[in-house]
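*Asks:* Next come the chains, spelled out residue by residue.
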Amino acid sequence: MVPISYYLVLSGILFACGVTGFLIKRNIISIFMSIELMLNGVNLSFVAFAAQWHALSGQIFVFFVMVVAAAEAAVGLAIIIAVYRTRETLNIDRVDLLKL
Amino acid sequence: MTPNLHLWLIPVLPLLGAAANGLLGKKFSRQTVVAVALLFSGAAFAMVLLAASRFSSLTTPHIEYLATWIRAGKFQVDFSFYLDQLSLVMLLVVTGVGFLIHIYSVGYIWEEGGFYRFFAYLNLFMFFMLTLVLASNYLLMFIGWEGVGLASYLLIGFWFTKDSAAAAGKKAFIVNRIGDFGFLIALFLLIKHFGTLNFDQVFQGVVPMGAETGGAGLLTAVGLLLMVGAAGKSAQIPLYVWLPDAMEGPTPVSALIHAATMVTAGVYMVSRSHVIFERAPVAMTVVAIIGTLTALFAATIGITQTDIKKVLAYSTVSQLGYMFIACGVGAFSAAIFHLMTHAFFKGLLFLAAGSVIHAVSGEQDMRQMGGLRTKIPWTFWTMTIATFAITGIPPFAGFFSKDEILWRAYQASWVYWFIGLFTAFLTSFYMFRLWFMTFFGEYRGVAEDSHHEPAHDIAHADTRAGAPAPHGHGHGGIHESPRLMVVPLVVLAVLSFVGGWIGVPGALGGSNHFEKFLGPVFHATTLGAEGHGVATPENESEGPEPQAGHATELIFTGISVFAGLLGFGLAWLLYYRDPQLPQRIAASLGGLYQAVVHKYYIDELYAALFVKPLIAGSALILWHGIDRDVIDAALDNSAHGAREVSDSVRHMQSGNLRSYAGWVAAGAAVVIAYMIWMGTR
Amino acid sequence: MTHLIIFLAFGALCVAGAVNLLVQRHPINSALSLVVVMGSLAVEYLLLGAEFVAAVQVIVYAGAVMVLFVFVIMLLNAGEEERTRGSRVAMLLGIPGMLVGSVLVGWMLIGRTGRQTVAAGALPGAPRTIGWLLFHNFLLPFEVTSILVLIAIMGAVVLASHPDADTDRKES
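Protein chains in written order, with this note's numbering: chain A, 1 to 100; chain B, 1001 to 1681; chain C, 2001 to 2172.
Please note: incorrect hints may appear among the correct ones.
[Said to hold, decoys possible] Chain A is faced by these chain B residues, among others (derived, beta-carbon under 10 Å): (1) 1359; (2) 1373; (3) 1374; (4) 1624; (5) 1655; (6) 1656; (7) 1661; (8) 1664; (9) 1667; (10) 1668; (11) 1671.
[Unchecked claim] Sample of chain A residues facing chain C (criterion: CB under 7 Å; computed from the structure): (12) 8; (13) 10; (14) 13; (15) 23; (16) 29; (17) 54; (18) 60; (19) 74; (20) 79.
In case anyone wonders, no lab produced these hints; they're calculated from the structure. A quick note: this is a predicted structure, and the numbers were derived from the prediction, not measured. Using N, Cα and C, we set each Cβ at its ideal position, and we do this for glycine too.
Please construct the entire structure, taking both the sequences and the accompanying hints into account.
*Replies:* In structure tokens:
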């Protein structure tokens, strides 16, 4: 019998780590992985709430989140490959042509 | 069954003429322009005659409704037209004299540029004036009121390339506007208290109200404000200053607008509102006093002027003063009578003066004229008739109307009568001065003989430097005007001679037809016993005390004729017998003479008191203070500020993804905090 | 009791993997840490009774998505990160913002849920039940996501295709 708040705290910690990784990391792929970490944290909270409220739609939603994350990963990595081809670098601080 | 006279056509026909000439006139030949102008104004005159012929079968007032104009709650203003005896008289004067002046103008303006423009403006003026006269409510009348002011501005400044003409036009319009302001406030008061501006409804509302003898009250306020408007339009003290300057316009314009019709609009308006005035004795007294002072004031200036048109201009102001004296003592039909005869002889005087000016190739200074009697006989004889008419010599028209006014004025207060009498003497003097200087003696001008020194008459006056109007046509010599110009002169001369005969008073053996004709307008709503300060109702001259009244009247008539002859004699002495005498008199009067010649420096006074401070204040406060420092500054600064803000914000877009992420995280925190706060409230 | 121990053990593993992801400099190490995180999360899901979700987590997330990441890292031969000057904004605004946000959220959630507990395997999410829901209540989102995946595939192919490959095809 674990209090539900424990799950939520864990989810929050994962999410916070994801955001921190997004802010700190310089490699584009690492940043992308931080995004995946964030999504995982969110998934955990969905499942926890589903268990609390006895609503299976929470788990269904997790399913959809995973599908979307997969699609997003595919497209995102393709973009990263394209960027690497043109800019020859994976350092995000080098990809700043859109500045004013 | 009230017949439909299609009154709306009367103003609209000249409007069509104005539109045709104004829009297409440039492409028309001169003949076409003339044909259009004469056709439409003549048609208006014909319609008025038609209405007059069927007048006896109408019930008065005859109101024709055309369309609704404003409807706001219970307040409604229609385009509807009002025909009664008063408006019929005005219509006949306006269209009749107007048509004659149109004919005269053809000859006068033939060689000028802007030919079609002139006739378009003339027709436009007719439209507005007829609207003013036919209106059945104050607002439609105000439209005509403003419109004639506009037409006057356009026509005074007809030769707009001349600075003085353009300035005169502006002056006329602006001074008129001051009067219009008073008129407007009066209208607002009427709306507030009666909820309508229709004549019959307002007057029905006023009739039960008693006289405001205390001097303070709604009707007094309305009356005084209406008088402000009339003072502006009809050139009374203190708003008369535009009329002498208006002589910059072509002479037919001066004849039509500034003698016969527009300036009489104030008199018409006051007469139309007689119901209000009769119940506000203080306002009536003010009207009479203004009229008296103006008549005297203008006459004194007129005796020193050397420009022939200026003399006539001041004469007009003075004669209008007479009309207001009549209104102020309650003799409204006498005022209208004088309005009519004045239209005849003053219109004739201006047209004849135009003919004189035409003859001497544009010269307007009387000191350069003289001896024209034999060279332009038609002009001379018609002008002579007009001069006799204005000075009140029987049996010419002016005699009957002026005497009527003086007699009624006496019955109110001998002061009015005395000043009016003295002014009649002055009128006679300056008119015969003009007559002698222009037509008698030797020719002093340069058109024929260039070796003549101009005779030294009354010293330097205010002639405008240089040629007055671009009118010289150099086909040398002094010549009579073309027939087109002479025929209207003759017609008006005939009217000046016989025009007074419809108003012969009982004392002289006639029965005053004119007064009887206007009776239903002015007597239907007179006060009963509680009114006072108003002259005795006019039908009493045939009433209880005929004999004694008649005898006194005859004596007074004799006195005024004597005054007229005295003026003639003095003018003969100073300008025929001994032409050097005026100069010696002027020199001996010194400063006083200078003041009169410079029109008592009123223009300078107004300029210093009002015009200059207004311009300075306007430049300082409105231009610098508000337009530049507030409005422009607001726009400039807001644009500047927008640029500053965007300049500082653009640094947010650094191209660096991590900074974007940082912003997003911070923003998300803010949003979360806000939502939590809202949720826990 | 065992529930709590297992939870804490695998929770600690999750957090360790996450922190390691942040700390490592070579992306391949971060990727492998992420795999650890996902595995532990699968166990957490099982604890909550979401069997289907746990299985999908392992098969799809850890088994397909992360493999994709690893492939790309190897393809691009990404080396260790260099130290480049980052963004001041990210540090000054982002980290505090994130901290504030998470503290707030955490405080809210803990406040709301308080002492409520959930048992192990509380909500059994068998494939049969999930499937029934998917194809009855959530049919529309299901179909839409299938289209979404199709579009993603096409997009990925187009974006990642070699530029020369197109011209070659045209010439031949």
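*Asks:* Please go over all the hints and tell whether each is borne out by the structure.
*Replies:* Against the structure, the hints come out as follows:
A hinted interface residue such as residue 1359 of chain B counts as satisfied when its beta carbon comes closer than 10 Å to some beta carbon of chain A; here the least separation is about 82 Å, so the hint is violated. Restraint check, residue 1373 of chain B versus chain A: the minimum CB separation of about 92 Å is more than 10 Å; hint violated. Because the smallest distance between the Cβ of residue 1374 of chain B and any Cβ of chain A comes to about 94 Å, over 10 Å, the interface hint for this residue is violated. Using the Cβ-Cβ criterion of 10 Å, the hint placing residue 1624 of chain B at the interface with chain A is not satisfied: the shortest such distance is roughly 39 Å.
Restraint check, residue 1655 of chain B versus chain A: the minimum CB separation of about 3 Å is within 10 Å; hint holds. Given hint, residue 1656 of chain B at the interface with chain A, holds; its Cβ is 5 Å from that chain's nearest Cβ, closer than 10 Å. The criterion of a C-beta within 10 Å of any C-beta in chain A is met by residue 1661 of chain B, whose closest approach is roughly 5 Å, and the hint holds. For residue 1664 of chain B, the interface hint holds, the least distance from its beta-carbon to any beta-carbon of chain A being 9 Å, beneath 10 Å.
A hinted interface residue such as residue 1667 of chain B counts as satisfied when its beta carbon comes closer than 10 Å to some beta carbon of chain A; here the least separation is about 12 Å, so the hint is violated. The criterion of a C-beta within 10 Å of any C-beta in chain A is met by residue 1668 of chain B, whose closest approach is roughly 9 Å, and the hint holds. The interface hint given for residue 1671 of chain B is violated, since its Cβ lies 14 Å from the closest Cβ of chain A, which is over the 10 Å cut-off. The beta carbon of residue 8 of chain A comes within 5 Å of a beta carbon in chain C, closer than 7 Å, and the hint placing it at the interface holds.
Look at residue 10 of chain A: its Cβ gets to within about 5 Å of chain C, closer than 7 Å, so that hint holds up. Below 7 Å, beta-carbon pairs count as interface contacts, and residue 13 of chain A has one with chain C at about 6 Å; its hint therefore holds. Satisfaction of the interface hint for residue 23 of chain A is found here, the shortest Cβ-Cβ separation to chain C being roughly 4 Å, below the 7 Å cut-off. The restraint placing residue 29 of chain A at the interface with chain C holds, with a minimum CB-CB distance near 5 Å, inside the 7 Å limit.
Evaluation of the residue 54 of chain A hint against chain C yields a held restraint, the C-beta minimum of about 6 Å falling below 7 Å. Given the 7 Å rule on beta carbons, the hint for residue 60 of chain A holds: about 6 Å separates it from the nearest Cβ of chain C. A hinted interface residue such as residue 74 of chain A counts as satisfied when its beta carbon comes closer than 7 Å to some beta carbon of chain C; here the least separation is about 4 Å, so the hint holds. At a threshold of 7 Å, the smallest CB-CB gap from residue 79 of chain A to chain C is about 6 Å, leaving the interface hint in force.
Taken one by one, the earlier hints fail for this structure at numbers 1, 2, 3, 4, 9, 11, listed in ascending order.
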